[in-house]
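Trainee: Residues per chain are reported as follows:
2 protein chains.
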Amino acid sequence: MITETQVARFPELALDSGETLREVQVAYEGYGTLNEKKSNAILILHAFTGDAHAGGVDHDGKPGWWANMIGPGKAFDTDHYYVLCANVLGGCRGTTGPSSPDPATGKPYGMNFPVITIGDMVRLQHMLVESLGIRRLLAVVGGSMGGMQALEWAVSFPDAVFSSIPIAATARHSAQQIAFDEVGRQAILADPDFNGGDFYDGKAPARGLAVARMVGHITYMSDESMREKFGRRLRGREEFSFGFDVDFEVESYLRYRGSQFVGRFDANSYLYITKAMDYFDLTAGHPSLAASLERAHCKFLVISFTSDWLYPSYQSLEIVNALRSRNHDVTYCELTSNYGHDAFLVDVGEQTGILRGFLARCLREAEAAK
Amino acid sequence: MITETQVARFPELALDSGETLREVQVAYEGYGTLNEKKSNAILILHAFTGDAHAGGVDHDGKPGWWANMIGPGKAFDTDHYYVLCANVLGGCRGTTGPSSPDPATGKPYGMNFPVITIGDMVRLQHMLVESLGIRRLLAVVGGSMGGMQALEWAVSFPDAVFSSIPIAATARHSAQQIAFDEVGRQAILADPDFNGGDFYDGKAPARGLAVARMVGHITYMSDESMREKFGRRLRGREEFSFGFDVDFEVESYLRYRGSQFVGRFDANSYLYITKAMDYFDLTAGHPSLAASLERAHCKFLVISFTSDWLYPSYQSLEIVNALRSRNHDVTYCELTSNYGHDAFLVDVGEQTGILRGFLARCLREAEAAK
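Line by line, the protein sequences are chains A and B.
Offset between the first sequence (1-based) and our numbering: plus 10.
Offset between the second sequence (1-based) and our numbering: plus 10.
Since the hints were derived computationally from the structure, they do not count as laboratory data.
This list has only true hints and no planted wrong ones.
Now the stretches of chain B that chain A is said to cover, found in silico as 3 or more residues with beta-carbon under 8 Å:
no., stretch
1, 212–221
2, 278–288
SDA-like mimics (lysine to any residue), calculated; alpha carbons at most 25 Å apart, straight line:
no., chain 1, residue 1, chain 2, residue 2
3, A, K117, B, F254
4, A, K239, B, S298
5, A, K239, B, A294
6, B, K239, A, W319
7, A, K213, B, L199
8, B, K213, A, P202
9, A, K213, A, M121
10, A, K84, A, L44
11, B, K239, A, E328
12, B, K239, A, T229
13, B, K213, A, G206
14, A, K239, A, N348
15, B, K117, A, D255
16, A, K117, B, D255
17, B, K117, B, Q16
18, B, K84, B, A370
19, B, K84, B, E46
20, A, K239, B, D291
21, A, K117, B, F252
22, A, K84, A, N45
23, A, K239, B, P297
24, B, K213, B, P124
Derived CB-CB ranges, DEER-like:
no., chain 1, residue 1, chain 2, residue 2, range
25, A, R19, B, P202, 38 to 46 Å
26, B, V358, A, L244, 37 to 45 Å
27, B, G253, A, S335, 30 to 38 Å
In this text, all values refer to a predicted model and were calculated from it rather than measured experimentally.
Ideal placement from N, C-alpha and C gives every residue a C-beta, glycine not left out.
Just chain A, with the same shape it has in the complex (with noise of 0.2 Å):
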């Protein structure tokens, strides 16, 4: 399946803090076959660092960071499901964000680029599932930032979706994600290539935006997990170096990771979208979440992972207890893995089959209801 991303257009988008971006653009992907009458529709929603390519594999060949679980025969599946992707806004994939052209000035935002919510990101969403003539979402779907957004979506457009399937997420960031995400954009503000933002032109704040993805990699695995796949192996060496070369696998692997980002991904949006995740508190002017949460009325799956410590597991029963408390229609699945919160990346084996069931039923269901 050789994917095509797509963009969509539109004159503007009121933002949570007021003010309006004027000339949006999202762009998207599409796999599978909208039905007839547009009711097999599943909107993927991507983590922090994600883009719309979330299924098959683009011209390059390069596979969609779902692509394990998007496709015929997979959890999200294409013979019967029409499957779509947007980046998010404040991304730095097709997306209108920070490294946009500001329609004022033809120039990029930079850090003139409004903050912005998680409810932005999702009414910019809606603004795309409208214009493709969908009228309800079969499902919203999402893990880390996404399953924020499949949250987001089951509140501010509850007639919009059937199902929320919310997966290693959480109803409010807590203060050690905020702690970690602060750590991230301070490593990025100290680099003197930060320049206020305003970097386009000349050199991007590498150093720093490769050191605030070096602490999310520690986040997204597990002390087992790099315990088995680093442990204290030496990288290309017998003895230690008494230097301060790379000696163990694991530096190796973070150096690594955080050059390769650089490369990809734009250090305002990583301000910015940690700034929105951070932000996120679904009970935010309500008494308590459950009473957040009234205002939805589809179907939720919540699944999380034993391993996970930046999203642990404890947070997603929050919203199960919540909606239980309320009488909504919840099942909840913690999985086991080693994975840690990468798991929901991963380890897709026993998620494939929970959400195709978890589909079935909804597509069933939604049918009958008609």
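Could you slot chain B onto chain A? The hints should help.
Mentor: Just chain B now, with coordinates in the frame of chain A:
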């Protein structure tokens, strides 16, 4: 108790790297009175960024980093014991380290300082202890990196220790522990002010060092203690800033701790001491941890804390099980605490009772054995 830091000097120190350091000095403090037999001495081993000022208050009124544990009636009861603490080799608080003058040039070593190990630190401590006429320490005790030193003492100088008390420690740095250290190092190395370690005449790499410290602070606390201390509380505002100034209390705390650290710690010491921790592996050259501990013949008290995810209890249990498998005299206590790795510094109530009991038994048995 007003304390005075003293300095001992030694002509040279042979290092594990094969190099030799000339004109080495050690800063240390002592509390209580060494008895006539010199049999009541306890050596306190500090953690990563600690120093010799463990107990009492100094001339500026600053309490020692373990002042809540050292003194009459406290865990390390100065009515009974002579308590000693020395700044580690590679440090920046009076003991020879990369900021010390290289006797060959008169200028600070910087990155010409040789890479050191936990074994080197302990060898220098042993020289200090011998110079004070102490043939056998009643106990060597420390948390975190101090616990690694306590283990190293037990195997490197088995006849010089009656008991070893590693707290919140490990017998070898794991991939995750190495990874966090490597991120800190890369943050420092990425700062242009680092200048290859030669920054003593100019501007210190304050931004990189602050970022490194921020990462560290997250690992020292627990998810739960961060939630209790900060939650999602905003700092000095009622609404989000929709900007990149401080929004959350936890951001403010991390920035403050980062910037404060820069004033009291040397960036080169950060590199060298983390490297020493990463190199630490008691099993190196032995078929198993149990085999490596065969050299030891002291009593052990191993303590860990339930919410410590940086040096989790399973790592202490590895030590305990290895000791038990060779019939060593070992007591293990896992203490319940929400404070994460910081618990060994701040959650001293239960620790105090356990340490007092264990040390009293050691003193009694050491006297009886004579």
